[in-house]
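Enquirer: Read off the chains here:
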Amino acid sequence: MDASQFDIFRDITLDYFAKLTHEKDLPTIGDAYMHFDSPLFLDYASLVNISGAYQGCLYITTSRKLIEHLLALHGEPDNNEETRLDMCRELSNVLSGNASHAFSSTWQISVPRTLRITDLETLRLPPSSFVMPITWLKETSYLVVGLEHRSEEPMR
Amino acid sequence: MNTAAIYRRTASGDEPDVDLRLRALEWTVLFNVDDQRNVNEIASALQVQSSHVWDALASLERRGLVEERAVLLSEFLRSPAALDQSDPDAERTLGEFLYREDRSIKPAYTAANELEQPSKQSSPMSVRNASPAAFAPPPLQVSIPFEPLESPLEMKSRAVSLLTLMQYIMSQSRDQTSGQLAVYRVFMGIKTDLLRRNNITSLRFTEDRIVDDPELLSALEASLQRSLGLPFPESAYVELDAL
Numbered sequence: 001m002d003a004s005q006f007d008i009f010r011d012i013t014l015d016y017f018a019k020l021t022h023e024k025d026l027p028t029i030g031d032a033y034m035h036f037d038s039p040l041f042l043d044y045a046s047l048v049n050i051s052g053a054y055q056g057c058l059y060i061t062t063s064r065k066l067i068e069h070l071l072a073l074h075g076e077p078d079n080n081e082e083t084r085l086d087m088c089r090e091l092s093n094v095l096s097g098n099a100s101h102a103f104s105s106t107w108q109i110s111v112p113r114t115l116r117i118t119d120l121e122t123l124r125l126p127p128s129s130f131v132m133p134i135t136w137l138k139e140t141s142y143l144v145v146g147l148e149h150r151s152e153e154p155m156r
Numbered sequence: 001m002n003t004a005a006i007y008r009r010t011a012s013g014d015e016p017d018v019d020l021r022l023r024a025l026e027w028t029v030l031f032n033v034d035d036q037r038n039v040n041e042i043a044s045a046l047q048v049q050s051s052h053v054w055d056a057l058a059s060l061e062r063r064g065l066v067e068e069r070a071v072l073l074s075e076f077l078r079s080p081a082a083l084d085q086s087d088p089d090a091e092r093t094l095g096e097f098l099y100r101e102d103r104s105i106k107p108a109y110t111a112a113n114e115l116e117q118p119s120k121q122s123s124p125m126s127v128r129n130a131s132p133a134a135f136a137p138p139p140l141q142v143s144i145p146f147e148p149l150e151s152p153l154e155m156k157s158r159a160v161s162l163l164t165l166m167q168y169i170m171s172q173s174r175d176q177t178s179g180q181l182a183v184y185r186v187f188m189g190i191k192t193d194l195l196r197r198n199n200i201t202s203l204r205f206t207e208d209r210i211v212d213d214p215e216l217l218s219a220l221e222a223s224l225q226r227s228l229g230l231p232f233p234e235s236a237y238v239e240l241d242a243l
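These protein sequence lines map, in sequence, to chains A and B. Take the first sequence: its position 56, counted from the start at 1, is 56 in my numbering, and no numbers get skipped. Take the second sequence: its position 55, counted from the start at 1, is 55 in my numbering, and no numbers get skipped.
Everything labelled a hint here was simulated from the structure, so no lab data went into it. Be careful, since some hints might not be right.
Claimed, not checked - Computed footprint of chain A on chain B, listed as stretches where at least three residues anywhere in the stretch have a Cβ under 8 Å from a Cβ of chain A:
| # | region |
| --- | --- |
| 1 | 193-201 |
| 2 | 204-215 |
Unchecked claim - One side only, chain A facing chain B, incomplete, derived with CB under 10 Å:
| # | residue |
| --- | --- |
| 3 | Phe6 |
| 4 | Asp7 |
| 5 | Ala32 |
| 6 | His35 |
| 7 | Phe36 |
| 8 | Asp37 |
| 9 | Leu40 |
| 10 | His101 |
| 11 | Ser128 |
| 12 | Phe130 |
| 13 | Val131 |
| 14 | Leu147 |
None of the values given here were measured: they were computed from a predicted structure. Glycine included, C-beta positions come from ideal geometry on N, C-alpha and C.
The shape of chain B in the complex, shown without the other chains (with noise of 0.2 Å):
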């Protein structure tokens, strides 16, 4: 069974025989074919299970009645069968990942007015002149909540004191002088261009900065271990949240 499969009606499937005969949940699912909801989605809006619809469609499928699409890999990846749920520690993809904690998918309206509007047809031949609300294609209402990556790094959610940085420079100096020319060296090996983008046209060796690009903070990394051979001082960095 593939719950991600999404089905659309056929000319026939539209238009069916007069004479055509079909269980009770095949004529269901035919009315809920759409063209839009997978396997599972109908399903759910039907309240019945997963397998019950699989069947109902292959039935309607060998009929001629309904026909399998092609999916989009966001349509696969809304449906649990890209998920493996039963362990939360397994490896997933990156797609998997995304969506793994979105189960919330609506359809757009319910399972008991679809199940009803068919019943409620004087002639169950005419899909096409059924309630327009059980056939229009329902609107998804995907709720996909946003959930940002953590950088390996760490760099994206922390910025660097400047300040911090020179007096590091500085301690490992033995004199001011040397110290302030230590600096200098770290920051001549830094394009200007990229400093001024950040606002830094002048550094006094008392002033601080706070910057987040992270393109100067891995200048300045570059520099320091470039002219002095230093790491880049864990100390210097400060939680954006805590500003």
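Here chain A stands alone, though its shape is the one from the complex (with noise of 0.2 Å):
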């Protein structure tokens, strides 16, 4: 994966949160680390499967509190599992655009899925991710990228 085109997706999705508060509430990126164990998975996640000289998957995992604040923003009245999810969806073609824009060039993007904790189980990511979290409203999301060599069992 190409770093730049990396620096772009990375700041581009950070601009989505960016545009929708105000100067001070600017989300803020933590330290980015390696993760191991289980995949990192909050509320919600947003994905896309990606596949080039890799094979895996982008993903941004919120929680419900973080939906409900982007409900907020969008002047959504509303606030049930239905229009999370709506808004979720809303959150996995952005970062779908987010990441053909960025990669398009080098890499293959499935269509975007919007996937609840209880799916957890029905997913095999990749067991090694890049995490970068994002803090945003007092709420911590994760940006995820999973990668594995292509010769590996097809993620499902």
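Take the two lone chains, each set in its own frame, and fit them into one complex as the hints suggest.
Expert: What follows is the structure, given as structure tokens:
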């Protein structure tokens, strides 16, 4: 994965949150780290699969509270599971668009998926991932890149 | 002369004929044959030359009083016959190397005791009736100091600082993101079971962990070479003793 492509993807994802709030509430990115345990997953996740030199996925996983903040910022008066999932799908489309913008020259990008934590058991994600914490409106989300060699079992 | 040979008494040696006549040293050696000690050890206990014991044993064997028994490898190795002490630089087998420092085979009782007891017997015929101390199989007190072998890879005594390794990888990259992704590529090539076995479930790029699991070190070295074409940096090694 080319670092400049990766920087573009990270920055335009941060911009999505930045444009929704005032300057004092700009998102901040924490120290990146590698994760080797069970997949990092909060209440919801927006995910795209990518395939190129490696295969894997990009996803952002968020808390329910952050999704509720997004609903409020979009002027959505109803806060229930259906509207929260709608908000997650919106986030998935943003992620997919950002990934296509950044990586489409060298990577194939799948259609986006919206996942709840209950879907985690049905997923097989790469065992190693590159994690960037994003803190916004006092909530921490995680932008995750999981890659593995292509010869391994394809992800579902 | 084979100083590693071990003899045992035959039935005739245990109950010699009343008319049997032997030289004094032959009687002494007969009393000291115990199915445990080799020629050299008996000679050492009696404080006589091994060749004299050997000659006595040969005489006793001809008379059917003792017989040589097969020896175990460990029994053979404790004999100087297995070792060449004359040249410290001489090539040795592994067994010779392991035992090269050990010369302290200590009989459980002294030669003086053994020499005195047979002479005090009213009849030299009754070997079985002699003092039990004279014929009880002496427990060997072989002191074998532990001496670990030096590993050719020198990995056993060393560990790796993961922070130093990561910094080395990142120093090869043009910017922070490239460096972190390069580190991730290296770790991506390592089975997570192996990392978790070493209590590594997550790792920040500014965090240090000292690992000494040879399998993990080997996997890191292989992945570094395979992913980035880099040799493993000597600077990443740390001496465990220094920790």
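Enquirer: Which earlier hints can't be squared with this structure?
Expert: 10
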